[in-house]
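A.B. asks: Each chain is listed here by its residues.
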Amino acid sequence: MIAIVDYGVGNVASVANACKQLGYETILTDKKEEFEQATHIILPGVGSFRAAMEEIERRNLHGLLLDLAARKPFIGICVGMQLLFEKGFEHGETEGLGLIPGMVAKIKTSYLLPHIGWNALEVTDRFPTYTKHDGKHVYFVHSYQAYTSEEYIVASTEYGTNIPAIVQKDNICGIQFHPEKSEKIGQLLLQSVFESSQQAISKEESK
Amino acid sequence: MIAKRIIPCLDVKDGTVVKGTNFVSLRELGDPVAMAAAYSKSGADEIVFLDISATHEGRSTMMDIVRQTALHVFVPFTVGGGVRTIEDMKAMLQAGADKVAVNSAAVADPELITKGAEKFGSQCIVVAIDAKRFDDGWHVVTHGGRKDTGIDAIEWAKEAEARGAGEILLTSMDADGVKTGYDLPLTKVIVEQVRIPVIASGGCGSPEHITEVFQETNVSAALAASIFHDKTFSIEEVKQSCHQEGVRIREA
Chain A
1 MIAIVDYGVG NVASVANACK QLGYETILTD KKEEFEQATH IILPGVGSFR AAMEEIERRN
61 LHGLLLDLAA RKPFIGICVG MQLLFEKGFE HGETEGLGLI PGMVAKIKTS YLLPHIGWNA
121 LEVTDRFPTY TKHDGKHVYF VHSYQAYTSE EYIVASTEYG TNIPAIVQKD NICGIQFHPE
181 KSEKIGQLLL QSVFESSQQA ISKEESK
Chain B
1 MIAKRIIPCL DVKDGTVVKG TNFVSLRELG DPVAMAAAYS KSGADEIVFL DISATHEGRS
61 TMMDIVRQTA LHVFVPFTVG GGVRTIEDMK AMLQAGADKV AVNSAAVADP ELITKGAEKF
121 GSQCIVVAID AKRFDDGWHV VTHGGRKDTG IDAIEWAKEA EARGAGEILL TSMDADGVKT
181 GYDLPLTKVI VEQVRIPVIA SGGCGSPEHI TEVFQETNVS AALAASIFHD KTFSIEEVKQ
241 SCHQEGVRIR EA
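Chains as they are written, first to last, in full-length UniProt numbering: chain A, 1 to 207; chain B, 1 to 252.
Hints are computed from structural coordinates only; laboratory data are not their basis. Take the hints with a grain of salt, since some may be wrong.
Which stretches of chain A does chain B cover? Using the computed rule of at least three CB atoms under 8 angstroms from a CB of chain B, they are [stated by the list, open to error]:
(1) 11 to 23
(2) 36 to 50
(3) 105 to 119
(4) 170 to 181
When the alpha-carbon atoms are kept at most 25 angstroms apart in a straight line, the in silico SDA-like pairs for lysine to any residue are as follows [unchecked claim]:
(5) B:90 <-> A:91
(6) B:119 <-> A:114
(7) B:41 <-> A:11
Even glycine gets a Cβ: it sits at the ideal position worked out from N, Cα and C.
One chain only, chain B, in its complex shape (with noise of 0.2 angstroms):
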């Protein structure tokens, strides 16, 4: 049987590791490449890197971590955020990435989820969702969570899938940052709409909020940050009450 993912992700600003708390305030935290290799050597079974460089240097800084990422790790990785053409996939992609994350982009231009797909194969393109809770329904939304895009996330959820997305990470703009565990209503609604692997984001602040993740919803992976870089807590502390609680993981 398929394990379970547990997945750490790095914020990189100008190529250092930042956090923020519901995206506004920004912590320093240190070196991409470093930590990765760190988390991948403790267990994590994925790493995704998101790039919240707003200049060109910060981006090409982001293609020397992600060479060097991929000589220095040996899981898989992600990377998102500033991936906005069909170029900057194949730029990341040829650099050693082994897939790339499109979010407000593919919203702006569904085709680049599409062409991605035919270009790389789905299983190199992940849609990332930013959803947060309306009246009537969950909207997507962009810029950090400041725009609302008026579209229903579950909709786009399943137009990400049948454009040929392999993966969706789905990130709750309610829960992100505040550590009171996943959006669970949320998680379960869009894996029950789809029929590719949905990662789980946004409120993790304990191993518990993990477990609870994946016995209350059939989500494939789920996706933390602060948790671990802080050091509150180990992957293998993670992985460890995963295994108490019967989730099926990789022990590595």
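Excised from the complex, chain A in its bound form (with noise of 0.2 angstroms):
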């Protein structure tokens, strides 16, 4: 089972329901006795860095997200993606969960921002895993993006500039394009990462 985390941030019937198509059984929950009981963890997230992140502190999830992390596949959607840095410069500076080094602040493009639409994946060859979804096209709506070191990009994208789409820290997973509305391949890549994330965990065990 997924747990995914409600701390109300709109709709998150559509990341459910791409679970679902997946064949995992999803909770919409916000208790720790129900996030023990899940495989992976996904923090969605819409809007900006700066509301997220005040409702993550306000619900007291902050402490919790971070044990989660420390042990369970962490999985961040579009804005939970940008939360996993250490801050964020969307209406002010704010601190980020720090999961993964970096911050997150405005693309600097000449093209139009927000960057909206279907986008193609530029896979790097440090994460096997991902090779097959190279070149496919996943849908992006934003204007901010993760400034992250290389290491952690498992896939980008090209946009006037490059946009990290996928970032992976051990079991710690961002995705900054929406994979529940990116048709078929948006779930193959969801399930890649929930491989992926979980691949992590079981390496980390069986040190």
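Using the hints, put the two standalone chains together into the complex.
C.D. replies: Right, dumping it as structure tokens:
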């Protein structure tokens, strides 16, 4: 079962539905006991970095999320992906969860913003599990992006600049685009992210 | 590089898909959720629902359609028509719509764009502009083209952007329904004047019209209705034609 973090960030039905298409049960929760039962944690997110982080603080979820991220496959989607980083600069500077080194700021491009639409993934060769998704189009909607070290970038997309599309640090994964809105390929990518984050945990446990 | 988007539009009246010619006569077509799912499977990059129900019952039927669509369609979808207040926006977004399109309500109260963008984010707010040519340029028209607001369409597009619109859905009321191609001069001038994505609408009668609007203007997406609904052409055919002409599209 996959636990989707409930912190009032709008509609998560499509994310739950995409998981269901892959054969996973989901639960929308903010309760520790229910997170404990889950194999994977998904942190969704819409709106601004600041508003999302404030909601996490207001609901006292910050510590719990860090604890879960230390033990379970932990996947951030869209703004949820951005919150994985140390800080964000949307509507002023805000501390993030700090699970992956880096920060989130406005996309520096001469192209139109928001970056809306289907853009192609360029998968880096450091992450062979994702190679099969190279060149595939996925759906993006955002004006802010992660700025992080190359070593964490699984895939990026070109928009007058390079935008990290999938990031991973061990069991922590972030997806900038919307897999739940990217037709079949979105579901296959979600599956890859579930597997890859799980493998990182298994590897750690077998050490 | 980002792909140009092909967007089928479904006009929905009281739970059924219809499409009018110049907004006058309406022909019934079918179940909106099934049509949206079929389009998404065959490569549509997005779906737009335009609710043209005049009644309260029709509106609540639209909410059900949105909920069902969120369960069966795995591409983004926009709901327009009948979105008049922040509460309407919230209801549609909560039901599962990815974006809402505002048209005449935003003309009447431009603050709706500002407030919607602040509350839900610019990416959710599409400003739909119906434009018609007059001697002194293009005016914003409402009520299916019957009412001239006297507002300059270019100035309105710029204001929509300044107020936080994430996209502009630009319909030429001169071209709409007549299937002789998109309104290239109008599309070109609006695209040049704003820095947000513009969706061209009105006038598509063949795949060539879609390749033409992408080649002749810097529009981000092309919306069409009848060519898909009448099964005159499929989305695959349109995408194939784009591909052959060197227009970058998503291969489904």
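A.B. asks: Identify every previously stated hint that the structure contradicts and give their numbers, smallest first.
C.D. replies: No hint contradicted; all consistent.
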